[in-house]
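Those sequence lines, one after another, are chains A and B. Heads up, the first sequence is in this note's numbering, so the first residue is 1 and it goes up one at a time. Heads up, the second sequence is in this note's numbering, so the first residue is 1 and it goes up one at a time.
Hints were generated in silico from the structure; no laboratory data involved. Everything numeric in this text was worked out from a predicted model, so none of it was measured. C-beta: ideal position from N, C-alpha, C; glycine also. Where hints are given, some of them may not hold.
[As the list claims (entries may be wrong)] Label-pair restraints from in silico Cβ distances:
(1) A:Arg123 - B:Pro326: 24 to 34 Å
(2) A:Ile140 - B:Glu77: 25 to 35 Å
(3) A:Thr202 - B:Lys128: 48 to 58 Å
(4) B:Pro326 - A:Gly126: 49 to 59 Å
(5) A:Glu223 - B:Asp32: 45 to 55 Å
(6) B:Ala17 - A:Ile22: 24 to 34 Å
[Claimed, not checked] Calculated from the model, a selection of chain B residues having no Cβ within reach of chain A, i.e. all distances over 10 Å:
(7) Glu37
(8) Glu44
(9) Asp83
(10) Glu92
(11) His156
(12) Leu285
(13) Glu298
(14) Lys301
(15) Gly307
(16) Glu328
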Amino acid sequence: MTRFVVRRLVGMVAVLFAVSVIVFVVFMVLPKQNPAQSLAGKNATPLLVENIEEEWGFNESLPHQYLTMMEKVFTGGLVQYEPRIPVDDEIVKRIPATFSLTIGAAAIWLFFGLLLGYLSAVRAGGWLDRILTGVSIAGISIPVFLLAPVLIYVFANQLEIFPNGQYVPFSEDPWEWANHLILPWVTLAALSIGFYSRVLRTNMLDAMDEDYVRTARAKGLSERHVMTRHVLRNSLIPVVTLFGLDFGATIAGTAIITEAIYDLDGVGFYAALAVEKFELPQIMGVTLYGAFFVVLMNTLVDVFYAYLDPRVRLGEAASE
Amino acid sequence: MSTGPLLSVTDLRVAFATEGGTLQAVDGVSFDLRPGEVLAIVGESGSGKSVTAQTLIGLTRSKNARIEGSVKLAGEELTTAGDVDLRRLRGERIAMVFQDPMTSFNPVYRIGNQIVEAIRAHQPDASKQQARTRVMELFEAVGIPDAEQRVDDYPHEFSGGMRQRAMIAMALALEPEVLIADEPTTALDVTIQAQILRLLEQLNRERNLATILITHDLGVVAEIADRVLVMYAGKVVEQGTLDEIFYDPQHPYTWGLLGSLTRIDRPRPERLPQIAGQPPSLLDLPEGCPFRPRCPHEFSKCPQYPGLEARLPEAAGHCDRCWLTPEEKRAKRLVEGQIGLEAPSR
C-alpha cells in the first residue's frame with residue numbers, strides 16, 4: 001500500500017510537470033505575438049516590454065525560458081505589471097473564499113446525494129423513490145444562473161432569512177461566515193445532489209443483483225446490514241471517482257458563476273476577470289493553480305480507491 | 001427420537017409476475033429430506049430447480065413473487081415465517097452454497113472476515129478472535145492449507161476451487177442441519193469438481209449433514225446422491241432412488257438426460273447425443289405434458305398431463321409423469337442397447 005501511494009505521488013509530480021510544459025508552450029511559444037508584450041498588458045510602455053523581455057530571458061533558448069518561468073512561479077515572481085501585483089498573493093488572498101464555498105458545498109452535496117440515493121435505492125419503485133427522483137431531476141435541470149437569483153429573491157430579498165451573498169471570513173465571525181454562505185452552498189450543491197443520488201441509486205440497484213448480496217442474505221444478515229455493508233459499500237466505489245473529479249474541478253474554477261452572482265471574491269471570480277481582460281500572468285497563475293488541485297484530487301481519489309477496492313492494489317502489484 | 005423427515009416440502013408453487021405475464025417457475029413440488037440424506041434435484045436451466053432451492057430459505061421473496069405450499073423444517077413452517085425468524089435460521093439451520101464462487105464472495109472484504117460476519121450475525125457474543133479461530137478450524141476441515149495466512153486473503157487471491165472450499169466452510173460455520181448446494185461444481189474444472197464432490201460427500205458422512213444438491217449434471221448426481229428428483233418446466237417428472245433413476249428410468253426426459261452423459265467406458269459416438277429442441281417457455285407452456293414437443297414417443301394421451309404416481313408395482317417410491325406402460329418404457333428407452341432418447345422422427 002505504501003508503495004502504491006509513493007507511485008501515485010511520483011505520477012502526480014510527472015503530470016504537473018507535463019502541465020507546466022503545456023502552459024509554457026501554449027502561452028509563451030505558440031502565440032505569434034511577443035510574449036513580453038502579452039505579459040506586460042495592453043497599454044504597456046515599450047520600456048516595460050523591453051524590461052520584461054530581459055527579465056524572462058526571451059532571447060535565450062526555450063529550455064532556459066521554461067526554467068525562468070518555473071523559477072518565477074515558485075518564487076512568487078509571476079506578477080501582474082502596471083500596477084505591479086504578485087499573482088500568487090492575489091490567488092492566496094482569494095483561496096479562503098473559494099475553499100469555504102467549495103468544501104462546504106461538497107460536504108452538503110455528498111451528504112445529501114448519498115442519503116437521497118440510498119433511500120431511493122432501498123425504496124426503489126415506491127412513492128419515496130418517485131418523489132426523490134423528481135427532486136433529483138429538478139436539481140439537475142435547474143441551471144445555477146436561474147437557481148441563484150430565485151434563491152436570492154426568495155430568501156434574501158423577500159423573506160430576509162439569509163444575507164445576499166458576500167464573504168465574511170471564518171476568523172472574523174464563524175456564524176456570519178456560515179450564514180452568508182448558505183445560499184451559495186445550496187446553489188452550488190443542488191445539481192450535484194441530484195446527480196449523485198441518481199448515480200448511487202443506479203449503482204445500488206445493480207449491486208443488489210450481485211451474487212455476493214444473495215450470499216450475504218443466505219448467511220442470515222439483517223436487511224440493513226446487507227444494504228450498508230455489502231450493497232452500499234460496493235456502490236460507493238464509482239461515486240468516489242466522480243467526487244474526486246468534481247471536487248477538483250469545482251476548486252479549480254467551475255464555481256465561477258456562483259462566485260460572481262453572490263459577489264464572493266474567490267479564485268474563480270479572479271480568473272473570470274483575468275480572462276475577460278486577457279491578462280496573461282493571472283491566467284497562467286490560475287491555470288497552474290487549477291491544474292494542481294485537479295491533479296491532487298485525482299491522486300487522492302486513486303489512493304482512496306485502492307483502499308476501497310483491494311483488486312486495484314493487486315492490479316498495481318501485477319503490473320510491476 | 002423420531003425418524004421423520006427433517007425438511008418437508010409439500011406442493012410448493014412459486015410464481016413471478018413478469019411483463020409477459022405470470023411465470024410459474026415451480027409448480028407443485030413435494031419432497032422429504034431425511035437427516036443425513038443427499039437429495040439431488042436435476043434439470044435443465046429454467047426447470048425451476050434453483051428457484052425451488054432458494055425458496056426453501058425465502059431468498060425468492062419479493063413483491064412480484066407468489067409463494068404457495070408448505071416448507072417445514074422439523075415441523076416449523078418456513079413459507080409464512082417472519083423475516084426475523086427466517087433470517088435466524090438462514091446459515092444457522094439451513095446453509096447454502098452457490099454456483100459461482102467467483103462472484104459469491106464480496107470482492108472488497110477479506111474471506112475470513114466474510115465468514116466471521118456470518119458467525120457473528122448469529123452469535124453476537126462471539127468475539128472477533130473466537131470467530132477467527134473458528135474460521136481457521138473450518139478452513140482445515142474443508143482442506144484449505146495455510147489457514148492462518150489464507151483467512152486474511154481477499155477473494156481474488158483464492159483459486160476457484162479454494163474459493164468454493166471457503167464457500168463451503170462459510171456454510172458449515174454454524175453447523176447447520178441442512179446444506180443446499182446450488183450447482184456447486186458447475187463453475188469449476190473437472191478435477192476440482194471431483195474434489196469438491198468428495199468434500200461434500202465426506203461432510204455428509206461425517207456430520208450426518210442432510211444435503212440438497214441442485215445440478216444439471218447426472219454425472220455429479222451419480223457420485224453422491226441417495227435420491228433424485230428430475231424436474232422439467234417447474235414440475236417433478238420423475239423421482240426415485242439413485243439406482244431406480246439410473247437403472248430403471250421411467251420418464252423419456254430422464255432417458256434423454258442419461259443418454260446425453262458422455263461415457264468413457266463406451267466407444268466415442270460421432271456426435272454427442274443431446275435432447276432435441278429447447279425447454280418450453282414457462283410463459284407459453286404446451287397443453288398437457290410440457291416435454292411433448294421434444295418427445296419422440298408422444299402419442300394420443302399426451303395432451304393430458306399425468307400426475308406424479310408410482311407406476312411400477314415393485315417400487316412404491318419411484319414415481320413419474322408418463323402415460324407409457326412400464327413394458328413400453330422398457331422397450332422404448334433402449335437406443336442401440338443403451339438407455340437414451342432416440343432422435344425425433346420429425
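Falls inside 48 to 58 Å, the C-beta gap from Thr202 of chain A to Lys128 of chain B?
violated (34 Å)
Hint check for Glu77 of chain B and Ile140 of chain A - Cβ pair distance inside 25 to 35 Å:
violated (48 Å)
Assertion that Glu92 of chain B lies outside the chain A interface [Cβ separation over 10 Å]:
About 6 Å separates Glu92 of chain B from the closest Cβ of chain A, which leaves it inside 10 Å; violated.
Does Glu298 of chain B really sit off the interface, with its C-beta more than 10 Å from all C-beta atoms of chain A?
holds (39 Å)
Would you assess whether Leu285 of chain B, listed as outside the interface, keeps its beta-carbon beyond 10 Å of every beta-carbon in chain A?
holds (27 Å)
Just double-check Lys301 of chain B for me: nearest Cβ-Cβ distance to chain A has to come out over 10 Å.
holds (41 Å)
Determine whether the non-interface label on Glu44 of chain B survives the test: each CB of chain A must be over 10 Å from its CB.
holds (21 Å)
So the hint says 45 to 55 Å: do the beta-carbon atoms of Glu223 of chain A and Asp32 of chain B match that?
violated (31 Å)
Return holds or violated for the Cβ distance of Pro326 of chain B and Gly126 of chain A against the range 49 to 59 Å.
holds (55 Å)
Beyond 10 Å from chain A, beta-carbon-wise, is Asp83 of chain B?
violated (7 Å)
Mind verifying the non-interface call on His156 of chain B? Its CB should be farther than 10 Å from each CB in chain A.
violated (5 Å)
Measuring Cβ to Cβ, find out whether Glu328 of chain B lies farther than 10 Å from everything in chain A.
At about 44 Å from chain A, Glu328 of chain B clears the 10 Å cut-off, so the statement holds.
In this structure, the earlier hints numbered 1, 2, 3, 5, 6, 9, 10, 11 are contradicted, and the remaining ones agree with it.
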